[in-house]
Amino acid sequence: MRELRAARIARLTFIPADDRGRVDAALQAGLSDPHRLLTDASRDALLRTLGDHLAARAAESPAEYLALADREKTRWIGPDDSDDIWRLPLFYHERVTGRVPSRTEAREALKAMLELAWAEYGVRIKGVGVGDWGTSIHVGQTREQNTSLVVAFPAVELDSYWDATATVGDLRYRVPRRSYADVLRDNGSVVYAIATTVAESERGVRYPLVSRWYWDPQLHTWHCSSFAMKNVAAHIMWY
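As numbered in this note's numbering, residues 35 to 273 make up the sequence shown, in order.
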């Protein structure tokens with residue numbers, strides 16, 4: 035399966051990641067909402083949100099991502115948040131920069147990691163895969179209490195293709211203003227989206243970029259549940 039996955043990624047057609055019009059068209063073409071769970075507003079918001087995140091990762095500097103973080107409906111983690119929430123950001127920040135950040139400076143800590151990622155790790159995206167195996171967005175609905183949202187692709191082959199063995203998860207310096215549990219409690223169910231795009235970094239590394247989102251009807255926004263790179267082992271992931 036790994037060889038099949040690599041062969042398909044190698045044959046993919048890529049478009050420039052900084053061409054917003056073509057990226058938006060690829061996202062729209064890859065959207066699957068078989069149960070018609072999306073309204074026009076939530077559909078437009080989903081495509082816009084995914085496009086914004088790809089554009090921020092394709093920008094020449096991390097400033098665009100920080101601006102995106104500031105305007106999204108999230109809050110920076112702080113001193114009142116649990117040790118569990120801070121565990122990974124503190125661990126990797128010290129590991130990468132040699133400095134332990136203060137729990138009052140989540141935004142500054144993220145900015146430092148982004149600047150390092152752009153300068154040293156070559157994480158800037160230059161290409162976005164198109165077609166069925168390049169970009170896929172699956173929309174579903176659940177009443178489950180957990181936020182993993184792992185059941186996205188019912189076909190075994192497709193699931194195995196996206197879910198490569200090596201995974202680099204997100205370092206969460208910010209969290210949604212309303213949690214998955216809040217949305218489930220208020221609505222009885224949660225509409226979610228799982229988006230996968232095969233990205234190509236500026237160093238020519240190709241990998242599936244997988245993000246999971248849930249729709250908040252009260253705030254009219256898609257909250258990020260998780261963000262991960264698949265099939266790579268030497269990148270910094272961030273959120």
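Quick caveat, the hints were computed from the structure, so don't treat them as lab data. C-beta atoms are modelled at their ideal positions from N, C-alpha and C, and glycine is treated no differently. A couple of the hints might just be wrong.
[Said to hold, decoys possible] List time: in silico DSS-like cross-link candidates among lysine-lysine, alpha-carbon distance up to 30 Å:
#	residue 1	residue 2
1	Lys160	Lys145
2	Lys107	Lys145
3	Lys264	Lys160
4	Lys107	Lys264
[Unchecked claim] Restraint-style ranges between C-beta atoms, simulated for each label pair:
#	residue 1	residue 2	range
5	His69	Glu94	37 to 43 Å
6	Asp117	Ala59	29 to 35 Å
7	Asn221	Glu142	20 to 26 Å
8	Ala41	Glu139	28 to 34 Å
9	Lys107	Ala59	45 to 51 Å
10	Glu98	Asp78	18 to 24 Å
11	Asp117	Thr176	35 to 41 Å
12	Thr176	Gly55	28 to 34 Å
13	Arg129	His69	23 to 29 Å
Structure-based check of each hint:
no. : hint                        : verdict
1   : Lys160 x Lys145             : holds (21 Å)
2   : Lys107 x Lys145             : holds (18 Å)
3   : Lys264 x Lys160             : holds (17 Å)
4   : Lys107 x Lys264             : holds (26 Å)
5   : His69 x Glu94: 37 to 43 Å   : holds (40 Å)
6   : Asp117 x Ala59: 29 to 35 Å  : violated (44 Å)
7   : Asn221 x Glu142: 20 to 26 Å : violated (35 Å)
8   : Ala41 x Glu139: 28 to 34 Å  : violated (45 Å)
9   : Lys107 x Ala59: 45 to 51 Å  : violated (26 Å)
10  : Glu98 x Asp78: 18 to 24 Å   : holds (21 Å)
11  : Asp117 x Thr176: 35 to 41 Å : violated (29 Å)
12  : Thr176 x Gly55: 28 to 34 Å  : holds (33 Å)
13  : Arg129 x His69: 23 to 29 Å  : violated (43 Å)
Consistency with the previously given hints fails for numbers 6, 7, 8, 9, 11 and 13, ordered from lowest to highest.
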